[in-house]
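The lines below spell out each chain.
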Amino acid sequence: MEIRRGIAVSPGIVIGPALILDNEGVLIRARTVPPTQIDNEIVRLKVALAEAAQASKDRQKSLSAKLGPEVAEILGAQGGFFDDPVFVHSIESLIRSKFYSAEYAVSRTIRALVKRLESAADSPLAIRYRSDFLDLERQLLGMLLGNLEQGLPQVDEPVIVLANDLTPSETAHFDPKIVQAIATESGGATSHTAILAGALEIPAVVGVGKFLSDISGGDTVIVDGHQGWLILDPDEATLARYTELAQRERTASGTFLAVAKYVPAITKDGVQIGLYGNIEFPPEARHCLDRGADGVGLYRTEFLYVNKTTDPTEEEHYQAYAAVVKDMGDRPVVIRTLDIGGDKFTPANSPLYHPEKNPFLGLRSVRFCLKNQPLFKTQLRAILRASIHGNVSIMFPMVSTVMELRQCKSILREAEEDLEEAGIPYKKGIRIGTMIEVPSAAILADVLAKQVDFFSIGTNDLVQYTLAADRNNEVVAELYNASDPSVLRLIQMVSNAAQKAGIEVNVCGEMSGEPMFAVLLIGLGIRQLSATPRKIPELKRVVQSLSAADAASVADDAMRLETAREVTSYLRKQLRRIMPDANEAP
Amino acid sequence: MNTMGLIRQSVVVGNLPMGLHMRPAMAFAKLARTVQGTISLTHGEKKADGRSPMELLMLFAPPGTELILEMDGDDADCILQSLIDILTAVDGADESPAGS
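Protein sequences appear in the order of chains A and B.
Quick note on numbering: the first sequence equals residues 26 to 611 in this note's numbering.
Quick note on numbering: the second sequence equals residues 882 to 981 in this note's numbering.
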């Protein structure tokens, strides 16, 4: 048994069989099959060989026209191996004598051939063929396992996916019912895969370091998404302990959720706090409902653009938004317009790619949209169209000046007029809000408050811009601290401006999901928090454990402190007093 | 009708500069499969089944290598010369260098 330590990025405990995705996206499933399956595996092999041979012939034909007959012949020549009697027989005998799965038998046979090539290294022929043979392996495994383009092929039983790394688009396609946990060799806490795993609520551990060569597909592994452990080949005692822990987790969250869902978040002195969910994908709307959220406080729309080479169509936008709005019924859904740029991934071949020296201070978000109005309008139209299905509000990210806000509103009006003219229905009087995440917007909050229906404080970026520190840059990351008094003062400023103007304000950054900050925010007058759905039940408990008056005096005292460290320590103490069994932030 | 019984012949590989590489190996195997009986090529200690392009490749036979071709079966003599031609061809319309 080995315990490998990585970074916990999505909590939960899962015990299950490994499904290994190697670097080239080639799947190695179980190594062996039960004896009764042998004939089936031989049939699978034969079919795959025939299909691969045919594909090779087709490829040769189509490439002959493009690249000329000689080159095409090379590729076609590969196809000749698929009916090589000796080659095929070697694979078959591994299946029959060692009960290997077809995939494993193919892989073993080819790897053995490659080894023979390596031992004849002095022959120039030998070197040439290595990649040809590996290509054969890939082609055959591809046929055996179906289309490997996106996500997993036909996998029926729940698995734990293990890989060196996973691309966001691969992860986004995972079905949490099948992929019960993830562990990767590379990756960090803020990588997109980590965020996606968290969003999909799939327990995940990343950055474990090399471990793939130490396991085989089908091995039992344990993913501990709390401690950040990947346990290989667990011994009986560990297996028993974790089985119990997993069981307890399932029951606990089950009971908790069943109750929490229906009880509103009201403080001891009768103040109601709205708890909303932050989502990225349409299916997460269900998570919000399951957790008893009052609505979606932040619908991030970037995934529609990430990893694509063409812009999403208005219809694609509309389908995604409509799905969420319909799921949420009459609960509010706040849709944020494109916030791409900075560390959000845009592939270099995308027309949106614009290399900058200082992307966080560059053409991001609403600035990008204002310079790409057709793109902006497409999204706005889709949001307006989706508004007929429910209670939709629209929000603009990274607004840094009053002019920008006015321009956004003007373009929104144009979009409304366009729809009007085309006779396409939309709900009139859609609520318009702005994110407050750039210090300039916080400082001018009183002016902006007169021009919108609500504010949403994006604390992640607000902290970054206020302290001028990149949270992903390890050498300065410690400066990035939500507890810093400067940030708290800005939040207070925004909250006061909203109250004075009579508009709503919510906090949608990570801060709002942390119990100790929730206390502070409520004390500063915030009455709506939007967090990742998973956190909502706990936030509800926090709200129910405190009185707003008490929270206000906690906030008063906290605002007098001078350093982030003092604030953190003070808030932790207060949280412990208010809710002795709270989960504390790390 | 093969009146010669077992055919055993020495063949010197041509196909400059690569020798018995993928193309001739494939061609050889393809032709070999059109007849009954065994066909083998031996290089020193290694004996390859003539119907397996994989085994033929694994002989790693550069130009100038002497291979022993053995055949039996009724139709062997029909294709014998063609097989030899494949192995010894001087005119090698070759693949691009340095593999893909």
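Rather than coming from a laboratory, the hints here were simulated on the basis of the structure.
Among these hints, one or two may not hold up.
With a straight-line cut-off of 27 Å between C-alpha atoms, the simulated DSSO-like cross-links for lysine-lysine are [what the hints assert, rightly or not]:
no.	chain 1	residue 1	chain 2	residue 2
1	A	LYS123	B	LYS928
2	A	LYS396	B	LYS928
3	B	LYS927	B	LYS911
4	A	LYS86	B	LYS911
5	B	LYS911	A	LYS71
6	B	LYS911	A	LYS82
7	B	LYS927	A	LYS140
8	B	LYS928	A	LYS140
The calculated label-pair distances, taken between Cβ atoms and stated as ranges, are [said to hold, decoys possible]:
no.	chain 1	residue 1	chain 2	residue 2	range
9	A	LYS82	B	SER963	20 to 26 Å
10	A	LYS82	B	GLY925	42 to 48 Å
11	B	GLY945	A	ASP160	53 to 59 Å
12	A	THR245	B	GLY925	54 to 60 Å
13	A	GLU381	B	PRO944	54 to 60 Å
14	A	SER241	B	LEU887	23 to 29 Å
15	B	LEU887	A	SER87	33 to 39 Å
16	B	ARG889	A	SER241	45 to 51 Å
17	B	PRO944	A	ASP64	41 to 47 Å
18	A	ILE67	B	GLU947	34 to 40 Å
19	A	LEU159	B	GLN917	44 to 50 Å
20	B	GLU947	A	ASP64	43 to 49 Å
21	A	LEU159	B	GLU947	27 to 33 Å
22	B	GLY945	A	LEU159	28 to 34 Å
Computed far set for chain A versus chain B, every beta-carbon distance over 10 Å [unchecked claim]:
no.	residue
23	PHE124
24	ARG266
25	ASP495
We treat Cβ as the ideally placed atom computed from N, Cα and C, and that holds for glycine.
Hints, one by one, checked against the model:
1. Simply put, LYS123/A and LYS928/B have alpha-carbon atoms about 26 Å apart, close enough for the 27 Å limit, and the pair holds.
2. Between LYS396/A and LYS928/B, the direct Cα distance comes to roughly 71 Å. Violation of the 27 Å bound is thereby established for this hinted pair.
3. A threshold of 27 Å between alpha carbons decides the hint, and for LYS927/B with LYS911/B the separation of about 21 Å falls inside it, so the pair holds.
4. For a cut-off of 27 Å, the pair hint linking LYS86/A to LYS911/B stands: about 19 Å separates their Cα positions.
5. With a C-alpha separation of about 19 Å, the suggested pair LYS911/B and LYS71/A falls inside the 27 Å cut-off, and the hint holds.
6. At most 27 Å may separate the alpha-carbon atoms for a hinted pair to count; LYS911/B and LYS82/A meet this at roughly 15 Å.
7. About 17 Å separates the Cα atoms of LYS927/B and LYS140/A, which keeps this hinted pair within 27 Å; it holds.
8. For the suggested pair LYS928/B and LYS140/A, the alpha carbons sit about 18 Å apart, so the restraint of at most 27 Å is met.
9. At about 23 Å, the CB distance of LYS82/A to SER963/B agrees with the hint of 20 to 26 Å.
10. Restraint check, LYS82/A to GLY925/B: a C-beta distance of roughly 35 Å breaks the suggested window 42 to 48 Å.
11. For the pair GLY945/B and ASP160/A, the beta carbons lie near 29 Å from each other, so the given range of 53 to 59 Å is not met.
12. In this structure the supplied range 54 to 60 Å is violated for THR245/A paired with GLY925/B, their Cβ-Cβ distance being about 48 Å.
13. For the hinted restraint 54 to 60 Å between GLU381/A and PRO944/B, the CB-CB distance of approximately 57 Å keeps it satisfied.
14. At about 47 Å, the beta-carbon gap between SER241/A and LEU887/B misses the expected band of 23 to 29 Å.
15. For the hinted restraint 33 to 39 Å between LEU887/B and SER87/A, the CB-CB distance of approximately 44 Å leaves it violated.
16. Restraint check, ARG889/B to SER241/A: a C-beta distance of roughly 47 Å satisfies the suggested window 45 to 51 Å.
17. For the hinted restraint 41 to 47 Å between PRO944/B and ASP64/A, the CB-CB distance of approximately 45 Å keeps it satisfied.
18. As the Cβ distance of ILE67/A to GLU947/B is approximately 39 Å, the hint placing it in 34 to 40 Å holds.
19. Between LEU159/A and GLN917/B the C-beta distance comes to about 34 Å, which lies outside the given range of 44 to 50 Å.
20. Distance hint for GLU947/B and ASP64/A: a CB-CB separation of about 44 Å, consistent with the stated range 43 to 49 Å.
21. Between LEU159/A and GLU947/B the C-beta distance comes to about 31 Å, which sits within the given range of 27 to 33 Å.
22. The given range of 28 to 34 Å is respected by GLY945/B and LEU159/A, whose C-beta atoms sit roughly 29 Å from each other.
23. With a minimum CB-CB distance of about 24 Å to chain B, PHE124/A clears the 10 Å threshold, and the non-interface call stands.
24. Residue placement check: ARG266/A keeps its beta carbon more than 10 Å from all beta carbons of chain B (closest about 50 Å).
25. Against the 10 Å criterion, ASP495/A stays outside the reach of chain B, whose nearest CB is about 42 Å from its own CB.
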